[in-house]
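Which chain is which? The protein sequence lines are A and B, in order. At the far end of the first sequence sits residue 250, using the numbering used here, and the numbering has no gaps. At the far end of the second sequence sits residue 1344, using the numbering used here, and the numbering has no gaps.
Because the hints were derived from the structure by calculation, they are not lab data. Check before you lean on any hint, since a few could be wrong.
Some, not all, of what chain B presents toward chain A, calculated at C-beta under 10 Å [stated by the list, open to error]: (1) V1082; (2) S1226; (3) K1227; (4) N1241.
Far from chain A, some chain B residues (derived; all Cβ distances over 10 Å) [said to hold, decoys possible]: (5) A1037; (6) R1066; (7) S1238.
Derived lysine to any residue pairs resembling SDA-like cross-links, with alpha carbons at most 20 Å apart [said to hold, decoys possible]: (8) A/K158 - B/E1334; (9) A/K149 - B/D1256; (10) B/K1329 - A/P160; (11) A/K33 - B/D1261; (12) A/K158 - B/S1226; (13) B/K1329 - A/Q218; (14) B/K1060 - B/R1267; (15) A/K158 - B/Y1134; (16) A/K3 - B/N1259; (17) B/K1034 - A/E174; (18) A/K179 - A/L155; (19) B/K1329 - A/D178; (20) A/K158 - B/L1260; (21) A/K158 - B/N1073; (22) B/K1281 - A/L34; (23) A/K179 - B/N1259; (24) A/K226 - B/S1323; (25) A/K224 - B/E1334; (26) B/K1281 - A/V159; (27) A/K149 - B/G1225; (28) B/K1329 - A/L229; (29) B/K1074 - A/L34; (30) A/K179 - B/K1060; (31) A/K149 - B/D1272; (32) A/K33 - B/K1074; (33) A/K224 - B/K1074; (34) A/K158 - B/I1254; (35) A/K3 - B/I1124; (36) B/K1034 - A/V159; (37) A/K149 - B/E1257; (38) B/K1034 - A/V37; (39) A/K33 - B/N1073.
Predicted, not measured: the structure shown is a model, and the values here were computed from it. Glycine included, C-beta positions come from ideal geometry on N, C-alpha and C.
The residues making up each chain are set out below.
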Amino acid sequence: MSKPRVAFFDFACCEGCQLQVANFGEALLDVLKLIDVVEFREVMSEKSNEKYDIAIVEGSITTNHDIERIKKIRNTAKVLIAYGSCATIGGVNGMKNNFPLEKIKKYVYNKDANYFDTIATKAVHQVVKVDYFVHGCPIYQPEFIEVLKSALRGLPYKVPDYSVCVECKLNENECMYDKGITCLGPITRAGCNSWCINNGNICYGCRGMVTNPAKNAQMDVLDKYKIPLDWIKNKINMYNKAGEQAPEEK
Amino acid sequence: MKQFKILEKKDFPQFIKRLSKKHKVVAPVSRGNKSYAFTQVDSSDQIAMKYIPTILPPKKYFMPQRETLAQYNKSKKTFQTVLEFEELVIFGVHTCDLAGIQCLNIVFSDTPKDINYIARKNRILIIGLECNDYCDEYASCKVMDSHHPNGGYDLFFTELKESFIVHVNTLEGEGIIELTGLFKEATSNHLKEREGVIAAKKKIFKDEVDVHYKDLKPMFDKSAGSKVWEDLEKRCLSCGNCTNVCPTCYCFDIIDEINLDLDTGYRIRQWDSCQNEDFAKVAGGESFREERGQRQRHRYMRKFSYPVERYARHFCTGCGRCSRTCMAKINLKETINALAKENR
């Protein structure tokens, strides 16, 4: 069986998730035994000439040109994997959607704003069908490999639909709330093995929210720990805005 | 007469030193502000002798969060079971957690026997530690009758003024006494002092809820349509903290994983929780317990009703972990009292 041809693409992003893949270390050798990487801007200059089986896409869709490009990729690839928060939930680029489009364009590009085509930030699946998701900012390497193995075997990959707290408890971390620090673990979907909290940081919610985040209960939590609603809102804002359209210009 | 030994407090550091030279010893160690975790130690300074229940109970040594059960090779068509275990001494297990381990022992020894669990259990020595006072307001160990030892240990330490009086319960426990060579025979004065501690505990520990032990099961059995569950429906986050920290929750998921050669792999089990959204979801997307209130009710029934029917034992040890860890302030004592009030 010939190895599947795999192409990596990027849209609006920091390319940090590509770096995570390039940084797999020893596992990279095993990965390369399974796939034939035909395009990967960050590590090689060869191009796929639009011949590939699996497209692995980083970054969010932020221009009309992006839409055309991702549609073309979708038409070529048999399997499309979105990886990294920008691609899977819009990520930090989604913060743009907090502002009217024209206003934010002017803020960024000033007098040259007219030269730039921009649309509200979208995750990849908001534009084309996505077969697999690897959430996270950046991706959690072991999960990427799990998803790749699923894709190569044609099996579905199930992103956990429970909160980061589950994994965090299993790792026996002291709860951030008990330290007096706000953390998005309770509403963020797991799958990262509570990577950040294991290393002393909080959960920033980069994997997106669980499907049923229990709004009422969240308010009780804020009340118990005396945390203002705005703090949590701001934190959620950082990664989880792409689902919303930009407000109208007033 | 029961076999009691004495370890002078001044000899305690030496005891841990000698014990940890020969065995892997784990004990409660402070983890942050008000959290503790069973962690490997080699010195008595590391051990928190006064601790509230650890984040995870000692069950993590009996059924680890994640463990391999089998390995397979597709091209060779082989499938072999795997037993993972290690020799271990757990020091400082409170009576609530001794009760928790006893519950797990019952479940995993039931037919079909869980060989992976039993292989681990047979290699773990347990040194209990008496609580002379409540750890905090979340505990309800008196009503669950686990505030004093009911067996389930090799050695059991009770703190006296100058020393620990140690009950030797098994041959393996006696082995530790011999190995460390620091223990003396208990005198009648020591025994009297111990009786004093027990008498003092009777005054400190009182039923923590408005229901008698014997009335818990009938009360829960009548509670199916209770408003209390509707209330929990609104308050529960479904973060699963309550079940993951519970010393008697043992639900797990089994997953087949494959190596990067896409040929060999292994079967693992990892802790699962009835509070998780997907726990009772079946093919087609139907979930038997879609509502968080239903899931909470299920959790309580698995403590106060179902195991009583099957094993004649409550599966709540009163350790208070579920209430202590609940982000949304759901409190076991309050839930029981609310149900009791409804019943009146």
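Hints, verified against the model:
Given the 10 Å rule on beta carbons, the hint for B/V1082 is violated: about 20 Å separates it from the nearest Cβ of chain A. Nearest Cβ of chain A to the Cβ of B/S1226: about 19 Å, over the 10 Å cut. The hint is violated. Among the interface hints, the one on B/K1227 is violated; its C-beta lies about 16 Å from the nearest C-beta in chain A, farther than the 10 Å criterion. At a threshold of 10 Å, the smallest CB-CB gap from B/N1241 to chain A is about 6 Å, leaving the interface hint in force.
Listed as outside the interface, B/A1037 is inconsistent with that label: its C-beta sits roughly 5 Å from the nearest C-beta of chain A, within the 10 Å cut-off. Against chain A, the non-interface label of B/R1066 is violated: not every CB pair exceeds 10 Å, the least being about 8 Å. At roughly 6 Å from the closest C-beta of chain A, the C-beta of B/S1238 falls inside 10 Å, breaking its exclusion from the interface. Proposed proximity of A/K158 and B/E1334 is contradicted: the alpha carbons are some 37 Å apart, above 20 Å.
Between A/K149 and B/D1256, the direct Cα distance comes to roughly 12 Å. Compliance with the 20 Å bound is thereby established for this hinted pair. Of the supplied pair hints, the one linking B/K1329 and A/P160 is violated, its CA atoms being roughly 25 Å apart against a limit of 20 Å. With a C-alpha separation of about 8 Å, the suggested pairing of A/K33 with B/D1261 holds against the 20 Å cut-off. At roughly 35 Å between alpha-carbon atoms, A/K158 and B/S1226 are farther apart than 20 Å, so this suggested pair is violated.
Distance hint between B/K1329 and A/Q218 is fulfilled; the C-alpha atoms sit about 11 Å from each other, no more than 20 Å. For the hint pairing B/K1060 with B/R1267, the CA-to-CA distance comes to about 19 Å; that is within 20 Å, so the pair holds. Note on A/K158 and B/Y1134: the hinted pairing is violated, with a Cα-Cα distance of about 43 Å set against a maximum of 20 Å. Only pairs whose Cα atoms come within 20 Å are accepted, and A/K3 paired with B/N1259 is accepted, the gap being roughly 17 Å.
This hinted pair checks out: B/K1034 and A/E174 have alpha carbons roughly 8 Å apart, not beyond 20 Å. Taken as a hint, the A/K179 and A/L155 pair is broken in the structure, with Cα atoms around 41 Å apart against an allowance of 20 Å. As the CA atoms of B/K1329 and A/D178 are separated by approximately 13 Å, the hinted pair is consistent with the 20 Å bound. For the suggested pair A/K158 and B/L1260, the alpha carbons sit about 18 Å apart, so the restraint of at most 20 Å is met.
About 24 Å separates the Cα atoms of A/K158 and B/N1073, which puts this hinted pair outside 20 Å; it is violated. Using a Cα cut-off of 20 Å, the hinted pair B/K1281 and A/L34 is violated, with the two alpha carbons roughly 33 Å apart. For a cut-off of 20 Å, the pair hint linking A/K179 to B/N1259 is broken: about 39 Å separates their Cα positions. This hinted pair checks out: A/K226 and B/S1323 have alpha carbons roughly 18 Å apart, not beyond 20 Å.
Under the criterion of a C-alpha separation no larger than 20 Å, the hint pairing A/K224 with B/E1334 is consistent with the structure, at around 16 Å. The hinted pair formed by B/K1281 and A/V159 meets the criterion: a straight-line CA distance of about 14 Å does not exceed 20 Å. Under the criterion of a C-alpha separation no larger than 20 Å, the hint pairing A/K149 with B/G1225 is inconsistent with the structure, at around 46 Å. The suggested pairing of B/K1329 with A/L229 holds, with an alpha-carbon distance near 18 Å, which does not exceed 20 Å.
Between B/K1074 and A/L34 the CA atoms are separated by roughly 17 Å; this keeps the pair inside 20 Å, and the hint holds. About 24 Å separates the Cα atoms of A/K179 and B/K1060, which puts this hinted pair outside 20 Å; it is violated. Between A/K149 and B/D1272 the alpha-carbon distance is near 23 Å, which puts this suggested pair outside the 20 Å criterion. For the proposed pair A/K33 and B/K1074, the alpha carbon gap of about 18 Å is at most 20 Å, so the pair holds.
Under the criterion of a C-alpha separation no larger than 20 Å, the hint pairing A/K224 with B/K1074 is inconsistent with the structure, at around 52 Å. Proposed proximity of A/K158 and B/I1254 is supported: the alpha carbons are some 14 Å apart, at most 20 Å. Taken as a hint, the A/K3 and B/I1124 pair is broken in the structure, with Cα atoms around 48 Å apart against an allowance of 20 Å. Of the supplied pair hints, the one linking B/K1034 and A/V159 is violated, its CA atoms being roughly 33 Å apart against a limit of 20 Å.
For the suggested pair A/K149 and B/E1257, the alpha carbons sit about 10 Å apart, so the restraint of at most 20 Å is met. Restraint check: the Cα-Cα separation between B/K1034 and A/V37 comes to about 50 Å, which exceeds 20 Å; the hinted pair is violated. Among the hinted pairs, A/K33 with B/N1073 is consistent with the structure: their alpha-carbon atoms are about 18 Å apart, no more than 20 Å.
Violated hints for the displayed structure, listed by number in ascending order: 1, 2, 3, 5, 6, 7, 8, 10, 12, 15, 18, 21, 22, 23, 27, 30, 31, 33, 35, 36, 38.
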